[in-house]
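Given chain C, work out where chain B with the ligands should sit, using these hints.
First to last, the protein sequences are chains C and B.
Taking our numbering, the leading residue of the first sequence gets 1, the next gets one more, and so forth.
Taking our numbering, the leading residue of the second sequence gets 1, the next gets one more, and so forth.
I should point out that these hints are in silico values taken from the structure, not numbers from a laboratory.
Virtual Cβ for every residue (Gly too), placed ideally from N, Cα, C.
Hints should not be assumed to be uniformly reliable.
Unchecked claim - Here are the simulated lysine-lysine pairs, BS3-like style, with alpha carbons at most 25 Å apart:
no., chain 1, residue 1, chain 2, residue 2
1, B, 143, C, 13
2, B, 182, B, 223
3, B, 79, B, 57
4, B, 76, C, 13
5, C, 13, B, 112
6, B, 112, B, 57
7, B, 244, B, 230
8, B, 136, C, 19
Said to hold, decoys possible - Restraint-style ranges between C-beta atoms, simulated for each label pair:
no., chain 1, residue 1, chain 2, residue 2, range
9, B, 178, C, 123, 26 to 36 Å
10, C, 164, B, 16, 50 to 60 Å
11, C, 244, B, 112, 27 to 37 Å
12, B, 128, C, 125, 24 to 34 Å
13, C, 19, B, 231, 58 to 68 Å
14, B, 169, C, 34, 52 to 62 Å
15, C, 162, B, 128, 50 to 60 Å
16, C, 78, B, 197, 23 to 33 Å
17, C, 28, B, 244, 52 to 62 Å
18, B, 112, C, 233, 49 to 59 Å
19, C, 164, B, 24, 31 to 41 Å
20, B, 169, C, 134, 50 to 60 Å
21, B, 170, C, 170, 49 to 59 Å
22, B, 167, C, 134, 17 to 27 Å
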Amino acid sequence: MNVIYILWLRQVKRFFRAKSRIVGAVGQPLLFLLALGYGLGAVYQRAGQGNYLEFLVPGIMAQTVLFSAMFYGAMIMFDKQFGFLKETLVAPVSRLRIMLGGALGGATTAVIQGMLVFFISLVIGFRPQNWLAVLTTLVILSLLAISIACFSSGIGSFVEDMQGFQAINQFLVFPLYFLSGALYPLDHVPAWLRIVAEFNPMSYAVDAMRDTLIGQTHFGLAKDFIVLLVTTIVLMGFGAYRFRHIEA
Amino acid sequence: MSKEPIIRLEHVTKKFGTVTAVNDVSFETRRGELFALLGPNGAGKSTTIKMLTTLVKPTSGTLTLAGHNVTKAQDKARKSFGIVFQDPSVDGELTAYENMELHAVLYSLSRKTARPRIEALLRLVELWNRRDTPVKNFSGGMKRRLEIARGLLHHPHVLFLDEPTLGLDTQTRNLLWDYVQKMRREENMTVFFTTHYLEEAEANADRIGIIDHGELIALGSTKELTKQTKTTNLEQAYLALTGKTVRDEEVGPHEAWRARQRARTMR
Ligand SMILES: Nc1ncnc2c1ncn2[C@@H]1O[C@H](COP(=O)(O)OP(=O)(O)OP(=O)(O)O)[C@@H](O)[C@H]1O
Ligand SMILES: [Mg+2]
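In isolation and in its complexed conformation, chain C is listed as follows (with noise of 0.2 Å):
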């Protein structure tokens, strides 16, 4: 068996152990789905644009993904306090093979969570244009996932408790929820407020995913993915650089 493989089950198994873990984590996506949804359907609809449940569902799936793998970050903290780190950290294996293998496994649990939101959509009824779309969206919320559950190992390398990792949360990811077009079209923003779209990667994931579910797109599926692969890697190179130094 293989390292990564089994750094990855490990993040796996507790995910599946931890039943709270779970229902906390779709309990908030969902809250934003309905009080957003049902709130601002009216309205939207009224401005002539559509269903905005329809608009809201990739959103929220992303916006899911994108929480859950930074929650990761906060995990290697834990490892870090509970003391379970070092006993990677003395192991004959590389610090690369340790970083990949947690944050895949991070990945696949946000990945989930993310799912769990789709499906539920499926309950209120929401519908992808075709079916075929699910795979496409699998594939895009995996790069999301695996790039910030990258980004989130490198910033529980050296951030040293849970009051630094909110602040991270607060300064750095919320901003990139909210300003990402997951809640709103980036067609007829203010400029200065298209400009910061543009430069957020979150934007690119968020429009991929409206393209592959329901086919509205801002910057087209190609230039999205480029952005998120481009994204994935630089972060990636973040997470290994940081996690380099990590002390126990």
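Leaving out everything else, chain B with the ligands in the frame of chain C:
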């Protein structure tokens, strides 16, 4: 017991900012020996073990483990030792068996060789019947036993034990030493340990090093140390060497931080 050194420290110094945790320490440990490193709180015992086990890089000096330079040939050095840290390092969400299995993969043991070894070791530490219990439900003593079994899994040449018996009852402490002695005889392993229970060192160690304020101040068997200090047992010798004043029991800032975090997360 052969005379060939398996652990060698040459002029090893470790500084954390302005704190000198280990100061120009040199000594050797023979193959098959049971070696105790004693010293007051904050003396530099854990730091020495962390340097030997590649977790912390020395500021200067050379450490050699089973013939491998610890800083230059990290992976070879890492293959040669097993360790039980001062603080627990098992994954509480996983079962005892899963913790062992994960360790086997980290040390690239094949499943076929790992299985019987895991069973034998879990039986040795009397946890085989509890192998499918999540470790978070284990008592402190059970966790320690598991960590010892795990440290032995990949047939290390050297087993490091940093205060392995801290907080354990007398029965468990005796049991632990029985396991360690048994494995050491069977596999000709070297054991390097620290403890604050001097009677444990007196009963088990072949040789003892005493470190204080980061400096090695004495080295020898219990007999040699008592002779040197004209005392009758190790505890008296130890007190004669290190003095009777209490150390400021200040734990390292890092350890203190971690303890705080743990308390906070548990709440
Ligand atoms: N990561 C660190 N950063 C800063 N100082 C440290 C760090 N680790 C240890 N120290 C300091 O180095 C000194 C030696 O600490 P060490 O943990 O090696 O002592 P010890 O002999 O194991 O003590 P104890 O018996 O309490 O476990 C202490 O003064 C400690 O505060
Ligand atoms: Mg210590």
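* To do: Starting from the hint list further up, note which numbers the structure goes against and sort them upward.
  => Per hint list: 4, 6, 9, 10, 12, 15, 18 and 22 violated.
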